[in-house]
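Asker: Each chain, letter by letter, is given below.
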Amino acid sequence: MPDGLFIFFAALTLGAALLLVLSRNAVTSAMGMILALVGVAADFFLLDAYFLGVLQVLVYAGAVMVLFLFIIMLLDTEDPTGAYPWKTAALGLATFFLLAAGVLWLFHWSGAVAAVKAGATPPELSTNPAEFTTAAKSFGRLLYTKYLLPLEIAGFLLLVALVGVVSLSKDNPESNA
Amino acid sequence: MENTSLAHHLILAGLLFVLGLTGVLLRRNLLVVYMCLELMLAAATLALVAFSRFNRTMDGAVLVFFVITVAAAEVAVGLALIVALFRKRGTVQSDALTSLRD
Amino acid sequence: MPSDLSSLVHWILFLPLGAAALSALFLRRAGALAAWFSTAVAFVIAGLALRLLLSVGGNVTSATGDVTWHVELAKFGGVSLGFGYLIDANARLMLFVVSFVAAWIHLFSVGYMKDDPARGRFFAGLSIFMFSILGIVVADNLLMTFVYWELVGFSSYMLIAHYFDKDFAAAASKKAFITNRVGDLGFILGIAMCLSLYGTVDFAALKDHAAAAKTIPVAVGALLMCGFLGKSAQFPLHVWLTDAMAGPTPVSALIHAATMVAAGVYFMARVSFLLAPEVLHFIAISGAGMAALAGLCALAQTDIKKSLAYSTLAHLGIMGCALGLGHPELALMHMAMHAFFKATLFLGAGSVIHGCHHEQDMLKMGGLLKKMPLTAATFVAATLSNCAVPFLAGWYSKDAIIEAAYHGDHVAIFAFLALAALATCLYSGRMIRLVFLGEANSEEASHAHESPWTMTLPLVVLGLVYSVAGGFLAHAIIPAGSLKPVEHALGEVSFHLAAPSTIVGLLSLVVGFFGALKFYGSVRGADALQVVSPRTYHLLEHRWMDGLYRWYVDAVQRRVAEFIAFLDLLIINGVAVRWIGGGVPAVLGYLSGRSFHRGQTRAYAFWIVLGSLFLAWFLIAR
Chain L
1 MPDGLFIFFA ALTLGAALLL VLSRNAVTSA MGMILALVGV AADFFLLDAY
51 FLGVLQVLVY AGAVMVLFLF IIMLLDTEDP TGAYPWKTAA LGLATFFLLA
101 AGVLWLFHWS GAVAAVKAGA TPPELSTNPA EFTTAAKSFG RLLYTKYLLP
151 LEIAGFLLLV ALVGVVSLSK DNPESNA
Chain R
1001 MENTSLAHHL ILAGLLFVLG LTGVLLRRNL LVVYMCLELM LAAATLALVA
1051 FSRFNRTMDG AVLVFFVITV AAAEVAVGLA LIVALFRKRG TVQSDALTSL
1101 RD
Chain H
2001 MPSDLSSLVH WILFLPLGAA ALSALFLRRA GALAAWFSTA VAFVIAGLAL
2051 RLLLSVGGNV TSATGDVTWH VELAKFGGVS LGFGYLIDAN ARLMLFVVSF
2101 VAAWIHLFSV GYMKDDPARG RFFAGLSIFM FSILGIVVAD NLLMTFVYWE
2151 LVGFSSYMLI AHYFDKDFAA AASKKAFITN RVGDLGFILG IAMCLSLYGT
2201 VDFAALKDHA AAAKTIPVAV GALLMCGFLG KSAQFPLHVW LTDAMAGPTP
2251 VSALIHAATM VAAGVYFMAR VSFLLAPEVL HFIAISGAGM AALAGLCALA
2301 QTDIKKSLAY STLAHLGIMG CALGLGHPEL ALMHMAMHAF FKATLFLGAG
2351 SVIHGCHHEQ DMLKMGGLLK KMPLTAATFV AATLSNCAVP FLAGWYSKDA
2401 IIEAAYHGDH VAIFAFLALA ALATCLYSGR MIRLVFLGEA NSEEASHAHE
2451 SPWTMTLPLV VLGLVYSVAG GFLAHAIIPA GSLKPVEHAL GEVSFHLAAP
2501 STIVGLLSLV VGFFGALKFY GSVRGADALQ VVSPRTYHLL EHRWMDGLYR
2551 WYVDAVQRRV AEFIAFLDLL IINGVAVRWI GGGVPAVLGY LSGRSFHRGQ
2601 TRAYAFWIVL GSLFLAWFLI AR
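Protein chains in written order, with my numbering: chain L, 1 to 177; chain R, 1001 to 1102; chain H, 2001 to 2622.
Be aware that one or more of the hints could be misleading.
Label pairs and their in silico Cβ distance ranges [to be verified]:
#	chain 1	residue 1	chain 2	residue 2	range
1	L	Gly-111	H	Leu-2570	55 to 61 Å
2	H	Tyr-2604	R	Arg-1087	45 to 51 Å
3	H	Phe-2614	L	Leu-158	31 to 37 Å
4	L	Thr-88	H	Leu-2615	25 to 31 Å
5	L	Tyr-144	H	Leu-2610	39 to 45 Å
6	R	Leu-1081	H	Ala-2576	37 to 43 Å
7	R	Leu-1085	H	Phe-2014	48 to 54 Å
8	H	Trp-2579	L	Leu-162	49 to 55 Å
9	H	Ala-2576	L	Ala-63	52 to 58 Å
10	L	Ile-7	H	Leu-2619	30 to 36 Å
11	H	Leu-2588	L	Ser-23	35 to 41 Å
12	R	Leu-1085	H	Val-2560	42 to 48 Å
Calculated from the model, a selection of chain R residues having no Cβ within reach of chain H, i.e. all distances over 10 Å [said to hold, decoys possible]:
#	residue
13	Ser-1005
14	Ile-1011
15	Leu-1021
16	Ala-1044
17	Ala-1047
18	Leu-1048
19	Ala-1073
20	Glu-1074
21	Val-1077
22	Phe-1086
23	Lys-1088
24	Gly-1090
25	Thr-1091
26	Ser-1094
FYI, nobody ran anything at the bench for these hints, they're computed from the structure.
All residues carry an ideal CB built from backbone N, CA and C; glycine is no exception.
So here's chain L without its partners, still in its complex pose (with noise of 0.2 Å):
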């Protein structure tokens, strides 16, 4: 048996996913991703990577979903009346349970993984900077030296998406004609 605190992060992080993917609410389906965020979160610090766990939380749990409850509430879409689309939701298990096990075979019955990492516990870490560490510092590291020219695309990405942005939300008023 795995540990202890593995399986209820597990069954957090999967079971708010549930409520993301079949909620008829927006707000909702929001919360569920939050929840389903700070689960992966919790698994990111159980993989002794606390600075990645810390900056899921702030940035996706954080300011991503900010914005994504904003975006839900500014447009206020009129939730779906009727009766709830038990055809549909059962449709979407069938295909996610057949998909599943698809993912099963694939990393537990095929025993490729196992071949490849036998060992049930990750190796010890290492204070090597090059390797594994739990330090933000070798995030820095690698970050300004091995991926100095990825780092700069990012940050150029990210003033493309600010621009884009901008010009998007600009009320143009012959794109609404």
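Using the hints provided, position chains R and H relative to the given structure of chain L.
Answerer: Below, chains R and H alone, put in the same frame as chain L:
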């Protein structure tokens, strides 16, 4: 962390991914579809971190950093698009957006 | 100081490119600024070229005084392709002639194009042309020459089509471009042949190979000659030059008289060591023949620019003839002299056209001597130079070529050249008589006015200084080293009073020039030859080669094309494309059109997922 192997994390990531995928396929509300897309991305990052941890390299973790950056940018643009769409068409239900066929 | 001189060449070459980029990118709307900017750059280049020309005296860098500079751009197997300069004596002369003439033509254009709304584009075109032509001059290998060659073709195309909203200009630019393509095909095949035979495209290396080999394959020279035939408008690819006059007059002066068409002559001189005797023989015969024929055809043109274009053809023929006779130095010297006086003639024509409110028909001009004295004086001076009046610029080179022909093996070449000399005097006299003497024959001509200083100053400088004193100046300002080949050639065929060329020249001058003056004064408002002998006139006016090409395209090429198109329609289109491309999607589309193309985002997402799953399966199962 005694008994969680790489496979456990991968299965969790895979299930999350598939769940997000199902949502993308089934949901009509574009906002929810978008959230499901983000969920798929998060699942991918989970797999990356797991691989990174088990292979004792930092590269996967750094890649996650970039994924989060790109996702943030993507969310901003995507939501702006959805808002623009809403202003033009008055709806965010994908059923109503069939002008590609018509 | 080789590095110093090669950096000078950097400036000469890349200044116009920068000017072109600046004009084209930022000064499209600011026409006046672009005009003066381009002109200033052109004068700077002329100064730099003069500096390079004079640099020979003191600082002889290598044994031969050549400036070389080379960087390797790429290496494919054993073949090295590079970018570099090879500035020998010919290149110095050519650089100076091109940049000097171009600078004054730029200044002329400032006045001539004053009211043109697209001045920015025009001057950007002139600058890119400068870059390309100077590139041809300095390039040290065949491939870079070809690149610049094409750039020259492009800028010529662009400038001929300056008035692109006029059908004839658009058609003329296309004609020039396509005709040049025909020649360039031969050119690039020639380069390929050089590569396969000698494994290099560098002029210096090729020269060594050619010196080592006993005989040069005829095909190499013949193929390289094709490029020359196209660019220098030699028979049978001469048809585009007269149509190219549809461009603005400064363009005709710069590109289609003084420099670009001469680039072919320059190029032939540069690769003269690759030309087999058979090739030279062909060039000599066809050049001499064309010189005579084009000179006569100039008699049957009423458009002043077209008449001058035929004159240019004649002179290009003479240059080609000199090349073929084995005197590339003489050809280059004639090119330089011709550049000066023909540029003056064209600019004078431009001034006349400008003064007569864009009237180009010579029959409608007349009596302009009094109304446009400066233009008339320079035009007449250049014309006399054109007729090779002794001690004027044209005399030095043209008579030397005739002399060389006399000493050559073929009587026919000499006879053709003598006929060409006579024809030159005939059409020159006709032009002077019709345009400047007599009475004004139209409303426009009677209201003619002298042009502004920006137009007359270049005329005066180019015309009086160079056409008249060109020969003396050639000795005076060009130091001994750089003009050595020319002097050598002059010494070799030293002409004296009793020489046949002088007799031919003077005879044709007296008979032709004054005869024409008298003959064309006899009928007013019409062409005397047309009145006297319409049949002869028509014979000369009719464009036989155009007719031949039209017949070829209509009767031969189109038939073949139609047959190929039929095959294409039947086999490729019908069987291969329609059956597979039409049948398969039709079946699949019928089956799945409803499920694929529903216009719903979710449906598309579904197919994407299915596709990626399939791909993943494929990759894993592999």
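Asker: Does each hint fit the structure? Answer for all of them.
Answerer: Going down the list of hints, with the structure as the test:
At about 58 Å, the beta-carbon gap between Gly-111(L) and Leu-2570(H) stays in the expected band of 55 to 61 Å. Checking the proposed 45 to 51 Å range against Tyr-2604(H) and Arg-1087(R) shows it is violated: the Cβ atoms sit about 23 Å from each other. Our hint of 31 to 37 Å for Phe-2614(H) and Leu-158(L) holds, since their Cβ atoms are close to 34 Å apart. Taking 25 to 31 Å as the suggested C-beta distance range, the pair Thr-88(L) and Leu-2615(H) conforms, at roughly 27 Å.
Take Tyr-144(L) and Leu-2610(H): their Cβ atoms lie about 42 Å apart, and the range 39 to 45 Å holds. Between Leu-1081(R) and Ala-2576(H) the CB atoms are about 42 Å apart, so this pair conforms to the stated range of 37 to 43 Å. About 50 Å separates the C-beta atoms of Leu-1085(R) and Phe-2014(H), a value consistent with the hinted range of 48 to 54 Å. Taking the beta carbon of each, Trp-2579(H) and Leu-162(L) are about 52 Å apart, inside 49 to 55 Å as hinted.
Between Ala-2576(H) and Ala-63(L) the beta carbons are some 56 Å apart, a value that agrees with the proposed interval 52 to 58 Å. One distance hint, 30 to 36 Å for the beta-carbon pair Ile-7(L) and Leu-2619(H), holds here, with the actual separation near 32 Å. The hinted range of 35 to 41 Å is satisfied by Leu-2588(H) and Ser-23(L), whose Cβ atoms lie roughly 38 Å apart. For the pair Leu-1085(R) and Val-2560(H), the supplied restraint of 42 to 48 Å is violated, since their beta-carbon distance comes to about 55 Å.
Once the 10 Å rule is applied to beta carbons, Ser-1005(R) is consistent with being away from chain H; the minimum gap is 21 Å. The non-interface label for Ile-1011(R) is consistent with chain H: the shortest C-beta to C-beta separation is roughly 17 Å, beyond 10 Å. Listed as outside the interface, Leu-1021(R) is inconsistent with that label: its C-beta sits roughly 6 Å from the nearest C-beta of chain H, within the 10 Å cut-off. Distance check for Ala-1044(R) against chain H: the nearest CB is about 13 Å away, which clears 10 Å, and the non-interface claim stands.
The Cβ of Ala-1047(R) sits about 14 Å from the closest Cβ of chain H, beyond the 10 Å cut-off, so the non-interface label holds. Remark: the non-interface label on Leu-1048(R) is consistent with the geometry, its nearest Cβ contact in chain H lying 17 Å away (cut-off 10 Å). With 10 Å as the threshold on Cβ separation, the claim that Ala-1073(R) sits away from chain H holds: the shortest Cβ distance comes to roughly 21 Å. Listed as a non-interface residue, Glu-1074(R) keeps its Cβ farther than 10 Å from every Cβ of chain H; the least gap is roughly 16 Å.
The beta carbon of Val-1077(R) is kept farther than 10 Å from every beta carbon of chain H, the shortest such distance being approximately 17 Å. No beta-carbon of chain H is positioned within 10 Å of the beta-carbon of Phe-1086(R); the least distance is around 15 Å. Under the 10 Å C-beta cut-off, the non-interface status given to Lys-1088(R) relative to chain H holds; the minimum distance is some 16 Å. Non-interface status of Gly-1090(R) relative to chain H is upheld: no Cβ of that chain comes within 10 Å, the nearest being about 17 Å off.
Consistency note on Thr-1091(R): stated as away from chain H, and its beta-carbon is indeed over 10 Å from all of that chain's, at 13 Å minimum. Interface exclusion of Ser-1094(R) from chain H breaks down, the closest Cβ pair being 4 Å apart, not more than 10 Å.
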